[in-house]
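Student: Starting from the two chains in their separate frames, assemble the complex, guided by the hints.
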Amino acid sequence: MRILRPAASPAVWLAVQILAAALPAAAAAPDLAHYVLDPAKSSLEFTFLQAGAWNKGHFKHFTVSFDFSPDNLAASRLDVIVEMSSVDTGDQERDDAVRGGDLLAVAKFLQAHFAASQINKTAAGYEAVGKLTIRGVTHDMRVPFSFRTATEGGVAVGYMSGKTSLLRLDYGVGQGDWKATDQVGNEVGVAFALRLTAH
Amino acid sequence: MAIRNTRQRWGAVAQLLHWLIVVLIITQFTLATLFDDLPPGARKLGLLARHKSVGITILMLAIVRLAWRSTNPTPPLPDTLRPWERTLARFTHALLYALLFAVPLAGWTMSSARGFPVSWFGIFTLPDLVPKNKMLYEALLTTHGVLAWTLGVVAIIHLLAALKHHFVLKDDVLRRMLPLTSHRTKESRQ
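These protein sequence lines map, in sequence, to chains A and B.
Here the first sequence stands for residues 1 to 199, numbered as in the working numbering.
Here the second sequence stands for residues 1 to 190, numbered as in the working numbering.
Isolated chain B (complex conformation) (with noise of 0.2 Å):
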């Protein structure tokens, strides 16, 4: 597999953000489920914090998603797409880059907001985004879920369209984002 993209195939680069990001947002739902359930205390403390930390990394592998992806050719569309599928296939891509930003930094904003600064583990602290204000804070903790539920949704209607791609129209958009697998047109074609 290629570092980089080629027409037919996502390279090793875009694989592995792509999947990264992927478990990245499962753990985010994850902690965010267990802290929720939790009084304040230590417990939630923690997993509040590691929940904080892996926003950052999603925000941070994000950024470096997009330079990747705008200095490399992007695989096409399969020709079989109706032009309304191709509008919604390339609205849902959007949509899920904006929301790889928009939930981060409406975390972050939000527990600047709170007055609590976002450390990234322990690491480095990042600036406050904004100056403390509860109001502000209860608006975007209401934000912060609207857009994470919204980026849950749109990621399993990718998820569906993609094995829909895969078992109904037999076309290679999963493959080419699956590392070890060959390109089906291209055996087909041999």
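With the rest of the complex left out, here is chain A (with noise of 0.2 Å):
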């Protein structure tokens, strides 16, 4: 934009300077999308090496928020929520042991959380960088994440997908005899796949 040499007061002059530097920033600044859980459409699933092979385990119930746009990653962000009690491997038995004081302590640690107040782009898709809290325990995380928008019935949808891992002796998941990693590895794998409508 131009600046304009009126014969206007030097007062009005600065006025339409700093109008004049704001303008390109709100441009580029577009309005964020709200996009929140589609829960009857959303999977949140982990892999856990259970006495040398690969098991299957999901959480039926989390919620997630995400505020996004691909033109202002500055601002956007992720946050999840897991309602670690509802945590399913598909075995009673297991559950129970998952659920119990000495793993997942749903009890005292009734929530997971990840949050995420920075997103990049990276050459796969996007990546969220935060802080994921499990059993009361806090790390950086990153979440590599593929997203992708939809119009589906007049409504803005997002799908969002990804895969990751972590050591869950890191959050204190394995106490007592489950501090080994014989019968059940450390290493456990998430990944997600999700529905995200645009609010």
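FYI, nobody ran anything at the bench for these hints, they're computed from the structure.
Honestly, I wouldn't trust all of these hints.
Said to hold, decoys possible - Okay, derived cross-link-like pairs now, PhoX-like style, lysine-lysine, Cα gap no bigger than 20 Å in a straight line:
1. A:Lys56 / B:Lys134
2. A:Lys60 / A:Lys41
3. A:Lys108 / A:Lys60
4. A:Lys131 / A:Lys121
5. A:Lys179 / B:Lys44
6. B:Lys132 / A:Lys56
7. A:Lys179 / A:Lys163
8. A:Lys179 / A:Lys108
9. A:Lys179 / A:Lys60
Unchecked claim - Covered by chain B, per the in silico footprint, the following chain A stretches (three or more residues, Cβ under 8 Å):
10. 91 to 99
11. 107 to 114
12. 137 to 143
Said to hold, decoys possible - Cβ pair distances, simulated, as ranges:
13. B:Phe121 / A:Lys108: 33 to 39 Å
14. A:Gln175 / B:Ile156: 39 to 45 Å
15. B:His166 / A:Asp96: 49 to 55 Å
16. A:Glu45 / B:Pro131: 16 to 22 Å
17. B:Ala139 / A:Ala75: 55 to 61 Å
Note that the coordinates shown come from a computational prediction; the quantities given were computed from them, not determined experimentally.
Just so it is clear, CB atoms sit at the ideal spot from N, CA and C, and this is done for glycine as well.
Tutor: Written out as structure tokens, the structure reads:
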């Protein structure tokens, strides 16, 4: 934008200058879309090595809040809260053990929380950089994901999916006998495929 | 001792397979007794995993053993046996072989029905034989136990028969399955 060169007062000239400087910044900061989870069409799974074989589980209840614009990653945010008691490994006896005090301790630590206030563009998609809290223990975590938007039935939706892994003992998931990793591996794979709707 | 069987005695491979399976079956009963008393937990999981790995080992050895048996001469039963005793001996041996397959297969299928894939000492994972099914799991849990106890009982009968051959009938039936023992009839002939 060209600066006007009128015979205006210096005060007006200054105001115009400030406005002119602010405008491009405002134009480059489009509104973020606010997405929330469509629980019926989303999954949050994990895999773990039990007695030498890979086993699967998932969480039935979790919430996602995603404020995102590909043109304003600086302001984009991802927040995920997982209800730990909703863990389901497909086996009642095992679920009881997983919920128990030596593993997820769901009675004391109701939720796990991932809060990312930094979203980076990567070659393959995006990466959420934030803090993951499980069992009251917080560590830095980077979660790569892909994200695509669509319009379905007039509603703006987003599909987010990705995979990562973590070490359960970093978060204290495994006290007593469960500290050993020979029967239940330390590495836990996490995979998510989420359908988000814009609000 | 020859590697292969002869008409007089079992060779080294047949003996090794026989006694290895004996040791592994005793291991299996010991492990099962240990984890049956434990509450669900890491220790139980560890013992169960070992039990499954050893069970799959027995299944693999049983396959090798049957293959080896089919390509080797079988030392004949002593001539002193009456026809019904021969029939009984053949039936008992056939039953033992059948159970060497049936017990681990029932265990493997039961694990699949529970939804727990079976790993062989963490080295490889076996395919699931059936989809997850709680009713089938409960049925196979019972089947696996009944078959295992049948194997235990038949094995004890097998042992008692071998001891009878050795101490009462004083023939070669036990000695020819033992390493480092000479052939009794051969000795007496010399």
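Student: All the hints need checking, so say for each whether the structure fits it.
Tutor: Structure-based check of each hint:
| no. | hint | result |
| --- | --- | --- |
| 1 | A:Lys56 / B:Lys134 | 17 Å, holds |
| 2 | A:Lys60 / A:Lys41 | 11 Å, holds |
| 3 | A:Lys108 / A:Lys60 | 19 Å, holds |
| 4 | A:Lys131 / A:Lys121 | 18 Å, holds |
| 5 | A:Lys179 / B:Lys44 | 14 Å, holds |
| 6 | B:Lys132 / A:Lys56 | 13 Å, holds |
| 7 | A:Lys179 / A:Lys163 | 25 Å, violated |
| 8 | A:Lys179 / A:Lys108 | 19 Å, holds |
| 9 | A:Lys179 / A:Lys60 | 26 Å, violated |
| 10 | 91 to 99 | holds (count 5) |
| 11 | 107 to 114 | violated (count 0) |
| 12 | 137 to 143 | violated (count 0) |
| 13 | B:Phe121 / A:Lys108: 33 to 39 Å | 36 Å, holds |
| 14 | A:Gln175 / B:Ile156: 39 to 45 Å | 43 Å, holds |
| 15 | B:His166 / A:Asp96: 49 to 55 Å | 52 Å, holds |
| 16 | A:Glu45 / B:Pro131: 16 to 22 Å | 18 Å, holds |
| 17 | B:Ala139 / A:Ala75: 55 to 61 Å | 58 Å, holds |
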